Structure formats: structure tokens, C-alpha cells
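Chemist: Since the structure of chain Z is provided, determine the placement of chains H, W and C on it from the hints.
Protein chains: 4
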Amino acid sequence: MLPDLQSHEDRRGIHIDQVGVSNVRYPLTLPLRAGGEFNTVANLSMTVSLPHYLKGTHMSRFMIALNERKHQFRPDTVHMVLKELLDLLEAEEAFVDMEFPIFLARKAPVSREQGLIDFNFVFRSMSSTSGTNDKNVGVKANVTTLCPCSKEISARGAHNQRSEITIDVRPASDEFVWFEDLIDIAERNASCELYPILKRSDEKAVTERAYDNPRFVEDMVRDIGKDLLGLLHAGKILWLYVASRNFESIHNHDAFARIERGVRGPLLNPREGVDVAITA
Amino acid sequence: MLPDLQSHEDRRGIHIDQVGVSNVRYPLTLPLRAGGEFNTVANLSMTVSLPHYLKGTHMSRFMIALNERKHQFRPDTVHMVLKELLDLLEAEEAFVDMEFPIFLARKAPVSREQGLIDFNFVFRSMSSTSGTNDKNVGVKANVTTLCPCSKEISARGAHNQRSEITIDVRPASDEFVWFEDLIDIAERNASCELYPILKRSDEKAVTERAYDNPRFVEDMVRDIGKDLLGLLHAGKILWLYVASRNFESIHNHDAFARIERGVRGPLLNPREGVDVAITA
Amino acid sequence: MLPDLQSHEDRRGIHIDQVGVSNVRYPLTLPLRAGGEFNTVANLSMTVSLPHYLKGTHMSRFMIALNERKHQFRPDTVHMVLKELLDLLEAEEAFVDMEFPIFLARKAPVSREQGLIDFNFVFRSMSSTSGTNDKNVGVKANVTTLCPCSKEISARGAHNQRSEITIDVRPASDEFVWFEDLIDIAERNASCELYPILKRSDEKAVTERAYDNPRFVEDMVRDIGKDLLGLLHAGKILWLYVASRNFESIHNHDAFARIERGVRGPLLNPREGVDVAITA
Amino acid sequence: MLPDLQSHEDRRGIHIDQVGVSNVRYPLTLPLRAGGEFNTVANLSMTVSLPHYLKGTHMSRFMIALNERKHQFRPDTVHMVLKELLDLLEAEEAFVDMEFPIFLARKAPVSREQGLIDFNFVFRSMSSTSGTNDKNVGVKANVTTLCPCSKEISARGAHNQRSEITIDVRPASDEFVWFEDLIDIAERNASCELYPILKRSDEKAVTERAYDNPRFVEDMVRDIGKDLLGLLHAGKILWLYVASRNFESIHNHDAFARIERGVRGPLLNPREGVDVAITA
Numbered sequence: 024m025l026p027d028l029q030s031h032e033d034r035r036g037i038h039i040d041q042v043g044v045s046n047v048r049y050p051l052t053l054p055l056r057a058g059g060e061f062n063t064v065a066n067l068s069m070t071v072s073l074p075h076y077l078k079g080t081h082m083s084r085f086m087i088a089l090n091e092r093k094h095q096f097r098p099d100t101v102h103m104v105l106k107e108l109l110d111l112l113e114a115e116e117a118f119v120d121m122e123f124p125i126f127l128a129r130k131a132p133v134s135r136e137q138g139l140i141d142f143n144f145v146f147r148s149m150s151s152t153s154g155t156n157d158k159n160v161g162v163k164a165n166v167t168t169l170c171p172c173s174k175e176i177s178a179r180g181a182h183n184q185r186s187e188i189t190i191d192v193r194p195a196s197d198e199f200v201w202f203e204d205l206i207d208i209a210e211r212n213a214s215c216e217l218y219p220i221l222k223r224s225d226e227k228a229v230t231e232r233a234y235d236n237p238r239f240v241e242d243m244v245r246d247i248g249k250d251l252l253g254l255l256h257a258g259k260i261l262w263l264y265v266a267s268r269n270f271e272s273i274h275n276h277d278a279f280a281r282i283e284r285g286v287r288g289p290l291l292n293p294r295e296g297v298d299v300a301i302t303a
Numbered sequence: 024m025l026p027d028l029q030s031h032e033d034r035r036g037i038h039i040d041q042v043g044v045s046n047v048r049y050p051l052t053l054p055l056r057a058g059g060e061f062n063t064v065a066n067l068s069m070t071v072s073l074p075h076y077l078k079g080t081h082m083s084r085f086m087i088a089l090n091e092r093k094h095q096f097r098p099d100t101v102h103m104v105l106k107e108l109l110d111l112l113e114a115e116e117a118f119v120d121m122e123f124p125i126f127l128a129r130k131a132p133v134s135r136e137q138g139l140i141d142f143n144f145v146f147r148s149m150s151s152t153s154g155t156n157d158k159n160v161g162v163k164a165n166v167t168t169l170c171p172c173s174k175e176i177s178a179r180g181a182h183n184q185r186s187e188i189t190i191d192v193r194p195a196s197d198e199f200v201w202f203e204d205l206i207d208i209a210e211r212n213a214s215c216e217l218y219p220i221l222k223r224s225d226e227k228a229v230t231e232r233a234y235d236n237p238r239f240v241e242d243m244v245r246d247i248g249k250d251l252l253g254l255l256h257a258g259k260i261l262w263l264y265v266a267s268r269n270f271e272s273i274h275n276h277d278a279f280a281r282i283e284r285g286v287r288g289p290l291l292n293p294r295e296g297v298d299v300a301i302t303a
Numbered sequence: 024m025l026p027d028l029q030s031h032e033d034r035r036g037i038h039i040d041q042v043g044v045s046n047v048r049y050p051l052t053l054p055l056r057a058g059g060e061f062n063t064v065a066n067l068s069m070t071v072s073l074p075h076y077l078k079g080t081h082m083s084r085f086m087i088a089l090n091e092r093k094h095q096f097r098p099d100t101v102h103m104v105l106k107e108l109l110d111l112l113e114a115e116e117a118f119v120d121m122e123f124p125i126f127l128a129r130k131a132p133v134s135r136e137q138g139l140i141d142f143n144f145v146f147r148s149m150s151s152t153s154g155t156n157d158k159n160v161g162v163k164a165n166v167t168t169l170c171p172c173s174k175e176i177s178a179r180g181a182h183n184q185r186s187e188i189t190i191d192v193r194p195a196s197d198e199f200v201w202f203e204d205l206i207d208i209a210e211r212n213a214s215c216e217l218y219p220i221l222k223r224s225d226e227k228a229v230t231e232r233a234y235d236n237p238r239f240v241e242d243m244v245r246d247i248g249k250d251l252l253g254l255l256h257a258g259k260i261l262w263l264y265v266a267s268r269n270f271e272s273i274h275n276h277d278a279f280a281r282i283e284r285g286v287r288g289p290l291l292n293p294r295e296g297v298d299v300a301i302t303a
Numbered sequence: 024m025l026p027d028l029q030s031h032e033d034r035r036g037i038h039i040d041q042v043g044v045s046n047v048r049y050p051l052t053l054p055l056r057a058g059g060e061f062n063t064v065a066n067l068s069m070t071v072s073l074p075h076y077l078k079g080t081h082m083s084r085f086m087i088a089l090n091e092r093k094h095q096f097r098p099d100t101v102h103m104v105l106k107e108l109l110d111l112l113e114a115e116e117a118f119v120d121m122e123f124p125i126f127l128a129r130k131a132p133v134s135r136e137q138g139l140i141d142f143n144f145v146f147r148s149m150s151s152t153s154g155t156n157d158k159n160v161g162v163k164a165n166v167t168t169l170c171p172c173s174k175e176i177s178a179r180g181a182h183n184q185r186s187e188i189t190i191d192v193r194p195a196s197d198e199f200v201w202f203e204d205l206i207d208i209a210e211r212n213a214s215c216e217l218y219p220i221l222k223r224s225d226e227k228a229v230t231e232r233a234y235d236n237p238r239f240v241e242d243m244v245r246d247i248g249k250d251l252l253g254l255l256h257a258g259k260i261l262w263l264y265v266a267s268r269n270f271e272s273i274h275n276h277d278a279f280a281r282i283e284r285g286v287r288g289p290l291l292n293p294r295e296g297v298d299v300a301i302t303a
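Chains as they are written, first to last, in the working numbering: chain Z, 24 to 303; chain H, 24 to 303; chain W, 24 to 303; chain C, 24 to 303.
Chain Z with its partners taken away, still in its complex shape (with noise of 0.2 Å):
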């Protein structure tokens, strides 16, 4: 039998908030809201906490879960692995983190032409062993945007450029939401989405439709947060937070601008009444 070190006694007091494996790459299948799945490519952390008179934590188990849970790792079915990482590895706190991206399928504006254009998802979600459960739901998408500054002073034209809308948000204990629909509410406040297909009919309407709907970086925030502000008043969402980094055309550096409401949960909190044995 060989000896197991990492069950062994610690006495050095202290409490550790997360432990575990990171950067596991991994193939998920995942449902889409409009019905069907679609196959992507996951980088996953899974962590526990770990009680101060423990040495270490079983690295292998987290490791299993995912080989023989791998149809749960979706954010409506995730609760199962975390209850199983919970006994598996007798912790008080679980957590699973994921990201991946996500191909929805697009038609060009006028010519109809299809094909599929991919954002990133984030999902972050923790259970505790006396109840507690928290999630974090968020995607990065992208957009054009057109400055309004620039077509304003200008004669002619108006700088655009692409640029990566990340809206994160807590969604409230019952409620589920989709990616697509954050999605929706990045593309629908930007001045055009992003197409894969565009023929030069759709290179018109979209070009067009830019130059038509100009934002700032602040418009931006401000607008993609008006919609989520209405779901945070609803009770639909606990928490939100939103940013824009637009790749300037004109600068080789980016403007940014974020705003963030509402009650951060537990995964973004530091955690609470920590038990610090430690004399320093």
C-alpha cells in the first residue's frame, strides 16, 4: 500500500479557498435554445476548497468526474457534477469553471446565404455542502462598431473597427439563461453584427447599417446594460457586468469602457468567516 501524503494532517491552519486542476481541454456537446446541440472544445478548471487540517487534496478524482460525467458539464446540468465532486472529495466547496466556443448558425442580410459565426461562452458556477449555490453566465462577442465622432466631423467615411462586447451576469437562483441571449443583446445594441457570409449586397446593407447606427465605446456599455438592467428589474438576473474593447481602426491601442451592477454572489466574493488559525 502506498502512502497517501495528501490525506496526512496539516497544522500550519490554513484554509484553502480553491484547489484543483485547470486548463483541462476537453470535447463537450451542448444544447442550442433554438433545439438541437452542437460539439465544441472546452477549457475547464474544476477546484474544491480545502479545510485547514487537511495536507492536500486528490488531484485523479476531479479528473474521473469529468471522464464519467461528461454529459453533465452544461450549465443546466452542471449542479450534478458539483455534488459529485463534493463527496468525492469530501469538500465543503465545488466549483467548475468553462469556456468554449459556440457556432450558432447566420444568414446574410439580403442575400440569405449561411453559414456559422462562433462566440465565447463562459461559465462559472459553485455548490457548497450547507446549500449555497452561485452561477455566472457570460459570453464574448463580437461586433462592428462605427464612432460617431469620427462620422460626425468627417466629410466623408467614419472609422469602424471590430470590437469584443463581454456581458457577465448572475443569473437569480430559478432562472436559466441562454447564451444566445446575451448574445442577442451584445448584437442588437452594437452598429452591425458580425456576418461569416457576405456577398456584395450584404457588404452594402451591413456597411450601411454601421454607418447608420455610429457608437462609442460608452453607447456601448450604456445600451448593452439598459437591456440587462431591465432583466436585473425583473429579478431575472442578480448581477451584471459589461465592457467594450473596440480594436480602434485609427490607434494601435483599444478603448474600453465597463460597467457593472447589482449583488456580486459567492463566486466573486472572497469567501466569508474563513477560519484563520494561523499566529503570524
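Derived from the structure by calculation, the hints contain no laboratory data.
The model shown is predicted, which means the values in this text are computed figures rather than measured ones.
Be aware that one or more of the hints could be misleading.
Identical chains share a label here; the pair holds if one copy fits it or two copies do between them.
Unchecked claim - Under the rule of at most 27 Å between Cα atoms (straight-line distance), these lysine-lysine pairs were calculated in the DSSO-like manner:
| no. | residue 1 | residue 2 |
| --- | --- | --- |
| 1 | K249 | K78 |
| 2 | K222 | K78 |
| 3 | K130 | K106 |
Modeler: Same frame as chain Z, now just chains H, W and C:
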């Protein structure tokens, strides 16, 4: 006279937490604890809050401030930059973030052959017109970790790897924390520190030192955490975060652990009391 | 009818070697040597040559081809995509490059606990209307390397680390090279292969195996090179490249070695005989 | 006396093209065409060839050479570093590669407000004991491109974006090519150059200039190629490569084009006449 859209009134009633420029690359010169200076290249962001009644900020003023006050982009003088941004942009809050590599001279343990070893430094700062100030100081320091379990159970050898230690602290308002202090704390708790130059006599020394000092990812954050808690209890810092990411030599994923203690300042907390005029 | 600038005549007399779309993210399904398939997400580029007398190519046609022929984006059928691009874009040469993660089932050496291990696959291909075809097949496979010098000179232990092995080959025209074949060659010449799941009995096995099989970065490229030279001499491949990048656990920089042998094909050589009409 | 495994005889009969250190981060000071110097941080690799009869190279000697000759890591003096590596490591061929950001002062077009604009420089060099020398000099310069098709077909506006121009050249043996020369060529052929600081009057100027100078990705490589072909035909350079990557503001993928002309030198060609003693 060209129109100034940014100065127009905004009626959406949404205060913007931060707006400005990011991903700005700029050469800086910084002081060393041991005396003297070093040259580096930073990635910078400079932002301000924007009241709900203004449409936009004036992006060019950030870059003008950078160009005029480049010698003040260092931890001990950045408050002058923040004050300048508050004035120039008529803002209630201003933020400057900086990331750059640090280069320290390091002698090999036996041969004393000297080279430069590099780390990453992260510095975040804010000031408000109401007198609030906050700073976070952090490093990313790579070290060697050697697995205690692998050593204990194996007849010979033990797996070891490069690990990335992240330390972030919030210095008390009248305290200064050198990045070298944080690097010292990361390195003295590792299985071994890294070196730019190792001759054979040195390689023997570091191999044996690592073998004699095995450290789990849990040990890394506990031992570093213990040293940082010493600073917390002494009132030198108000908050601490430490994480270790081990690029496991036996896996294709990483082992990860983190600890956070103390009180986050305004830099990391959502802005309180924001006047949201919106009616959803 | 919208004007079609791209079809206009160009008078600069400069043939373009490659023009098209790149950084296209797309989900693909690919076959495994052992039978069955796996789902992944690829980064793609699709380009064609453009004769000196044409102003531009038609970018939307690449994305239409991708959407219509997505099932043919695999090493054994991509020639049909290339033919389609030659036709659609009236080009002399067409190119398709793909990079994606591969997932293989892998059992731990002692416990036989099974998980998925990931590698990166790179595939480059071209066809011309004159009948030239060329392919390059490559993998990036991470492995464990343990330093022979460190082992030899130290009283105990030996530094080891994760290393990234790059293998690229040019299969002979009627030969097929599985990416699994290249992974096998990388792994069997390493100090040890990596595993997704290792229980204590497995960790003992891989620690000792690595210690018993020390490999310099030079050994990695020579031993892998030797196996690949076997394929070259047998006429299965026409060209080989192998590199090892060791993320040294005792340094903050990498050790690197590379070997190249055989005859590069048109994919890697500058285009011959391009008609340059320009008078400087 | 510690054993020196690296100096042992190797019997696999496989010459190694390059072995050494890579991903070395180091602060450098470099000259500017306009006079004066600038400070930057480089990513370096230093390698040598290894004859088939030697087991390994001596890695510490690269880093010692870097530390002792850091002032010679610049395009006009790196031949002294190469000579040192040939001597120190008793090698037939030595290679030094460097990548670093360049910072140039730039005034806004109307307001003349001055800031720093950044580019990336790539420098590759080799020398052999038989007298072969080769250098490649390159830049990555970001610019604005505005789409001619979008402008032509749209009633108003035109999509534009940040584009990354890559230029690499092989200077003739007694010619010196400043990186500023390559940046000039990239920028003067773009729709517009980028600026660190733009006030409203400047923003009007660059918006209109870009609108008045539309450029396809094909135009970028042809017009830059034409300027570089001028250097080629004048005998100042022996080889050229130019690529444009447009981060399309209407798509989530990039448009890409490349041109290569002239004769690659030993740096880019596989090593000729390598004695492969292996019998497969």
C-alpha cells in the same frame, strides 16, 4: 470649430464605472529596491469614471498625459498621474493599471555566474476627487516545484516542473511594497528558485535542493500565504491573494490553488452607491 | 447590379502567391486510426493564388465552400475542397490549412483508469490546375523529459518538465500518415508520455519510468528523427521536421532543438517561375 | 570533477541543425535611424548546429554570452555575438534571433500633438565557420485599411479596420536595412497610418484620408511588394516577403494575402549537404 459630441448631454441615466484606453504599449524606467533603475516595456490602461449626464470621455487626453508624465508611471509617483487624469477629464475617479517585466541580477548558487532573471509585475491604482485612494501590487514569479507524493512513493526521482506564482496585495495607505519583496516571498517558499545561468556545479545544487524541498501546489499557497498573513497582521497590507499554477510534467493540464484573505479595496469591489436613473 | 471591383483588371503586374481567409474557427468531425470519429474545433485558412491581371479574389466563396463541404475538411478528402476552390475562384493554385486539437482515449499505466489526452494537429495542403498536389501533416505532442546531466551529477533527483514536440512530415504522394502515428513516434522517444488520470500507483510508475529514461533536448530530436528517417528511407515520407521545446523546470527560458531532412514540397518552397511583369 | 555528459560521443550519426535556448526575455538598447537610442525588451533565441559525433551542447554558455555581450545584440553588431558563439561552443553554425517592440515618436497630422507609436521588429542572423553569413530583417506594422468594394457599392461609409502588415527582407551582404525603412514602406501604402494621439481635427483628417485611399488586402501586398521589388532590383535586398492580415470589421475572421519573391538564404532554406550517417 468641429462639433464635440462627447461633451453632449446623455439621457440614459447610466454612470460608466470606467472608460478610457487599454493595451497601450509604452517604454518605462523604474526604480529597484537595491538602488538604480531598469528599463522595461509596459502594457498600460488609463480610465476614468463618466457621470450619467455626459455622452463621452476625451480619449486623446489619456495619451497626452502618458506622453507628458511618463516618468511618473511608477508605483511611488503614479498618484500624480491620477490627479492629472481627474483634472484633465473632469472625472470623479481615475484608474491606472500597468503590467511589465522586471529584470533582476541573479548569481548562480555555486559558480556565482551572473545573469538577469525576469518576472512580471502588475500594478493597479485609483484616486477619486473625494479623497479615496487604492493600490494593488502584484507579481507573477516562476519557480520550481517538486511533488512530495511523487518523491514519497517512487523508488527514485520525483516529478517537478515550472510553476507560476501569482501574488497580489493591497498595501496599507502609507505603506510601500516593493515587487522584490513579493518575489522573495514566492521564491523562498518554492522547492527552488529559477536561474538564468547554471553551470554543472549549480545544476547539481538546484536539483538536490528541489529534491530536498518537495512542495504540493497546496503547500505553495499555504507557505506563501503564511508569510503574507504576517504582513496582514502587522498592518502592512490590507488584503492578499496568492495562487500557484503548476505546469505538471506528468499531465497536459495544470494543478492550481488559491487563497484570498483580508479586505478588498475599491479597486476590486463594485462601485457603491451609483445613481442609476434608469426605469427599466 | 452592384459593381464588382474585384473582377477589374490590375496593371501592377504582380501575381499574388496566396489570398483568402484565415483565423476561421469551425467545428469539424474527423476520423481516428482506431476507427470511429471525434469532434473538434479547427482554426482554418483557405487561400488561392491570384494572377497579376486580376484586381481581387471573391472572399465570400471560401466561406460558402466551407459551409457546403465541411464534411470534406479532413486529410483524406480535402483534395475535393481544393478542387472546388480552384473551380469557384478560377485560380491556378488553392491552399487549405487546418489546426485543431485531437483527443485520444488513454488508460493509466497501472490502474488502467481511462481519460482523454489532447494533442494539436496541423495539416497543410495545396493543389494546382497543372496537377501539382502537396500535403504536410504535423502534430504538437507534449511529453515528459528528464535531464540526463541533472540525473548523472546529482546525488538524488533530476530535473524534469513538460516538453512540446513538433513533428511535421510531407507524405509521399500516395501515402497516408495518421496523426496518431506521429504522436506514437513522439511519445515512445520521450522520458515518459503524459496521462490525463494518474492514481498513486500510476504516479509511481511514470516517475520511475522518466527517471530511468533521461533525454536531453538533443536526444529527443535525434531519436524521433531516427524514426522519421526510417519513414523517409522507406519512401513513405519525402521530408521531415522535428523540434523539441523543453519548458525547463530550473530556468525561465526554454531549451530548443530542431532537425530538418528530405525535400520540401511546393507548400514550403517559394513559388517557382512567377511571372513578375513589374519594372522597378 | 563532475561528469560532462554533453561532451560524450554520440553514435546515432544525426547532425542537429539547431540547438540552444529560446524564449529568453532580455532588456536591450537599440539605435534609431534618426539618431539616438531606445530601450526595449526582446524575446531571444540563440542556437548552434551540433555535429553528429557530440552528445550535447553547453546551454549555460549561450546565457553567459548574452550577459557579457548584451550591447552587441543589435543588427549592426550581432556578427560579434555569432562569432563568440561559434568559438565558445565549437560549432560550425551559430544563430541569433530577436523580436522586440520598436517605439517611434509620431506627431498627429493636424494638431502636431506628439506621442510614441509601437511596432514589432524581427531579426534573424547566422554565421558559419566556413564564412557563410545571412540576415533577415522584418517588421510587423499595424495600419488602417479601408475596403474599396464596400466604399464603391455603399451609399455612405465604408468598412475599415486595423491590419497587420508583415514585411521580411534579406539584405544583400553589404547592405543595411533599418526597420524604420520597412515601416515607412508599410505605412505609405496603407489607407492610413496609425497614431498614438488624435484630437478631433486629426481624427477628421485620418478618417477622410482613409476614405480617399481604399485598399484591398490584395492592394496592400501588391503596393508594398512593388516598393520592395524596387529594392530587390536595385540589389539592396535578395529576398522579400510581405503579408497583410486584415482584422475585418464586418467578419469574425481575417482577410489574408502574401507575396514572396527573390532568393531565400541559408536562414530559411534547409541545411544543404548534411551528412546523415544513419542506416534506417
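Chemist: What are the numbers of the hints that this structure violates, sorted from low to high?
Modeler: Nothing - there is no hint that the structure violates, so all of them hold.
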